[in-house]
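*Asks:* Listed below are the residues making up each chain.
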Amino acid sequence: MSTPAVAQAPNAHPKPVQRLADRVFSGAALTAGSLILATLAAVAAFLVMQSIPAVTTDPNDISILSGQNFWSYVWPLVFGTVWSAAIALVMAVPVAIGIALFISHYAPRRLAQGLGYVIDLLAAVPSVVFGLWGANTLAPAVQPFYSWLTENLGWFPLFSGQASGTGRTILTASVVLAVMILPIITALCREIFLQTPVLHEEAALALGATRWEMIRIAVLPFGRAGIISAAMLGLGRALGETMAVAMVLSSSGAITVALLTSSNPSTIAANIALSFPEAYGLNVNLLIATGLMLFAITLVINALARYIISRRKEFSGAN
Amino acid sequence: MAQTTAAPAVRLSSPTPPPRGQMSNVYASGRLGRWVPWAILGVSLIISLAVFALFQAASGGDFNVAGAIVLTGVLNGILIYVTALLVEGIRKAKDRLVTTLVSSAFIIALAPLISLFITVLSRGTERFDLQLFSESMRNVVGQGGGVLHAIVGTLIMTGIATVISVPVGLLTSIYLVEYGRGALARAITFFVDVMTGIPSIVAGLFAYALFSLVFGPGVRLGVAGAVALSVLMIPVVVRSSEEMLRLVPNELREAAFALGVPKWLTILKVVLPTSLAGITTGVMLAIARVIGETAPLLVAAGFTQNMNYNPFEGRMQSLPVFVYSSYVSQGTDAQAYLDRAWAAALALILIVMALNLIARIVARLFSPKLGR
Amino acid sequence: MSKRIEVKDLNVYYSKFLAVEDVSLTIEPRSVTAFIGPSGCGKSTFLRTLNRMHEVIPGARVEGEVLIDGDNLYGAGVDPVLVRRNIGMVFQRPNPFPTMSIRENVLAGVTLNNRRISKSAADDLAEKSLRGANLWNEVKDRLDKPGSSLSGGQQQRLCIARAIAVSPDILLMDEPCSALDPISTLAIEDLIEELKSEYTIVIVTHNMQQASRVSDRTAFFNIAGTGKPGKLIEYNDTDTIFTQPTVQATEDYVSGRFG
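Residue numbers (this note's numbering), protein chains in the order written: chain Z, 1 to 319; chain A, 1 to 372; chain V, 1 to 259.
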């Protein structure tokens with residue numbers, strides 16, 4: 001080690017010989033991995049390429065726009081997308097945390113896994129079935145309740161206006177969205193709650209804490225970052241969900257926070273699904289441009305969620 | 001738990017029974033008995049049933065089941081809190097309130113699930129007959145007709161998507177677990193996560209944009225639908241296979257290396273067989289996930305009333321899109337369209353459930369025991 | 001078949017970190033050589049460089065020469081896969097392939113390499129290897145049961161049978177008994193004694209009684225402190241190492257004063 005000849009050796013160490021079959025196999029694996037990067041790049045590139053005409057062309061030449069500016073067409077859709085997803089999130093997160101706690105800390109051990117499967121069943125239902133159910137079963141069922149709300153609590157901005165006669169309002173759509181994102185948030189929260197260090201839990205219990213106090217002291221602080229990222233992944237789902245909204249919501253394109261009236265904003269995804277089959281020419285480019293915006297929004301939300309998860313991993317020592 | 005009201009229980013629970021049975025256990029004093037929460041639940045139920053029965057008697061109309069259940073829940077929460085507050089103090093009261101809330105969260109989630117299954121079952125069985133599975137919708141305007149063309153389209157497109165996704169996804173996961181290091185592996189991991197978050201309709205738009213470059217605008221092809229589904233399916237396959245491959249203990253790889261087995265054969269003959277059951281489960285769950293996708297197929301493959309066996313020519317119908325299009329464009333005989341939609345939805349749910357079930361069975365039956 | 005191992009000026013690195021420094025020793029054929037030393041002194045790492053298994057760990061690399069009957073393992077154009085076919089290894093924890101039966105496990109070295117072998121030849125090889133590992137009588141009636149159905153000691157002997165089925169020149173054993181109970185350990189030690197007549201055996205062990213029981217020669221490795229490289233302190237006949245070592249550290253270690 002002391003001689004100069006040894007000191008220069010690190011650069012000279014020979015690469016191990018690789019067999020041909022090994023090279024072919026690892027090459028195939030590498031190609032597949034790179035294909036994913038290429039696909040994603042292609043998704044972004046094609047969407048951008050197809051979107052450019054929608055923004056640069058004179059709005060009068062795009063029939064859906066009928067003269068209005070591109071941004072004034074997109075803005076209500078963006079609002080509707082974010083608004084409906086946010087309402088869904090507000091409804092889903094507390095329930096999901098409750099279910100996750102129920103399964104991880106309240107239900108008897110033998111039952112817990114079975115209960116988890118039951119919630120996972122919700123995730124297995126195709127979105128189009130949720131849409132059908134939301135439009136045909138849920139909307140008529142909640143309509144009387146909506147009428148009651150507007151009559152008695154109409155002074156509250158969210159419940160203002162004349163209740164929709166069909167019940168197919170943005171609140172109904174959000175309820176369906178909430179049901180749809182419930183399983184993913186529950187599954188992630190459950191996993192995080194189960195990872196709570198047993199030592200922390202036992203320390204709390206040994207101090208004479210009740211079960212709720214133990215959860216407040218040990219489980220929730222440990223899982224906070226996880227809950228946030230689970231909620232954001234759920235939000236990403238809700239933003240991009242198409243069919244349930246397209247089938248449940250009867251939209252008028254209005255920007256309003258009133259939840260129960262018949263004038264509702266549409267969402268980007270639902271708007272594409274409803275307009276795309278009949279679209280032609282530049283209208284297609286316009287719809288793809290709105291799709292690109294949706295892609296960008298979900299990308300940001302998901303990246304943020306992943307970032308929080310990865311940071312949590314570094315600090316907690318779990319996983 | 002021992003109860004203040006039931007002295008025998010105290011005796012049973014203490015390791016050495018005290019000489020005088022009347023003496024109460026210090027640790028059991030000031031506690032509500034086990035039966036109390038259930039009794040309170042019962043009382044709340046009776047009260048709300050009574051209230052809503054009165055409403056019904058006063059105003060006529062149907063008995064409001066949902067309202068009664070909600071009132072029961074609210075009453076139950078309040079009563080438990082107050083009772084526990086009076087007997088056990090504030091800390092216990094809070095604990096009991098949270099227990100009630102957490103349990104009701106589970107019931108809240110069950111409500112839509114049960115409602116959905118009941119609805120799909122009751123309305124889907126109206127047209128769940130042989131004709132549904134033996135005919136297409138060609139030249140059908142009113143009643144009759146079937147979803148055979150949609151089932152065939154779903155099978156073809158999901159099949160192609162699987163054929164594309166499984167090799168790509170599996171090889172990628174092999175790269176990540178067995179070969180990948182450094183920046184490229186990190187980039188792939190990150191972008192697989194990004195791909196997981198792509199909204200399904202965006203995947204459809206991508207496939208459309210891709211194929212319209214070759215075939216011109218307005219193209220709707222079965223294979224385009226399959227490509228859209230692959231974009232959604234690949235990340236799911238990568239994630240699940242990666243997880244399964246990482247579960248294979250390193251010692252097995254080393255054992256094979258030490259026998260002079262090259263790396264590629266080690267992966268093919270030791271690592272993959274060991275994780276085969278898990279990978280199969282993951283693939284089936286991925287299929288179950290994309291088989292219900294509507295939006296990308298609506299955009300990329302369109303819809304049609306006719307049978308189409310060729311994914312490279314013409315529009316192709318699929319089960320989820322059939323449900324959607326029947327619902328959105330109800331013809332003159334609206335009920336016939338709705339009935340078909342529900343029947344197709346029932347068929348779709350059954351397929352997805354079957355896939356999920358088989359996947360779990362595969363995971364349980366065929367995975368090798370890695371524990372020692 | 002049995003070959004001589006000559007190690008000349010070997011350094012082992014994990015990326016930048018020097019793990020084992022400047023080892024030179026010669027291991028004679030048909031002998032058992034034990035590597036002893038405190039945890040983290042690099043004896044397992046060094047053992048792995050004798051069949052290039054250290055390359056499985058990313059960043060690990062070697063300077064110097066390892067000559068097997070004069071052929072350098074680290075010469076240009078050497079295929080590590082071929083090296084490992086001729087130098088077998090048994091690991092700390094028994095690791096039978098869970099998807100294979102007992103018989104398939106023994107034959108794994110042959111079948112995994114896609115070599116064709118007739119049914120009768122395979123049966124003969126399986127029996128010969130299992131007999132060689134003193135396992136035949138215990139498992140001959142259940143060759144088609146999974147390898148993981150055996151007890152820990154049996155699994156380890158199965159792994160030895162698997163290693164000798166490919167008729168290697170040298171057998172490396174990385175603490176083969178550390179996960180086993182005393183009775184299984186004794187069975188393995190007896191086995192090592194028998195295998196000595198055919199193979200060059202190198203065994204890493206934490207157990208000094210074991211080293212003194214099974215080995216002809218013993219190498220003592222030590223480490224100056226954490227972050228320092230491991231070194232070969234003393235290498236001699238086992239009797240000499242345990243009775244009259246020349247280095248103070250060796251005496252301290254074998255007499256149980258540290259480690």
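Think of the hints as simulated: they come from the structure by calculation, not from any bench.
Honestly, I wouldn't trust all of these hints.
Here are the simulated EDC-like pairs of lysine to aspartate or glutamate, each with C-alpha atoms no more than 20 angstroms apart in a straight line [stated by the list, open to error]: (1) Lys-228(V) / Asp-216(V); (2) Lys-92(A) / Glu-213(Z); (3) Lys-269(A) / Glu-104(V); (4) Lys-269(A) / Glu-202(Z); (5) Lys-92(A) / Asp-22(Z); (6) Lys-269(A) / Asp-141(V); (7) Lys-94(A) / Asp-22(Z); (8) Lys-94(A) / Asp-120(Z); (9) Lys-119(V) / Asp-141(V); (10) Lys-128(V) / Asp-169(V).
*Asks:* Checked against the structure, which of the hints given earlier come out wrong?
*Replies:* 1, 4, 5, 6, 7, 8
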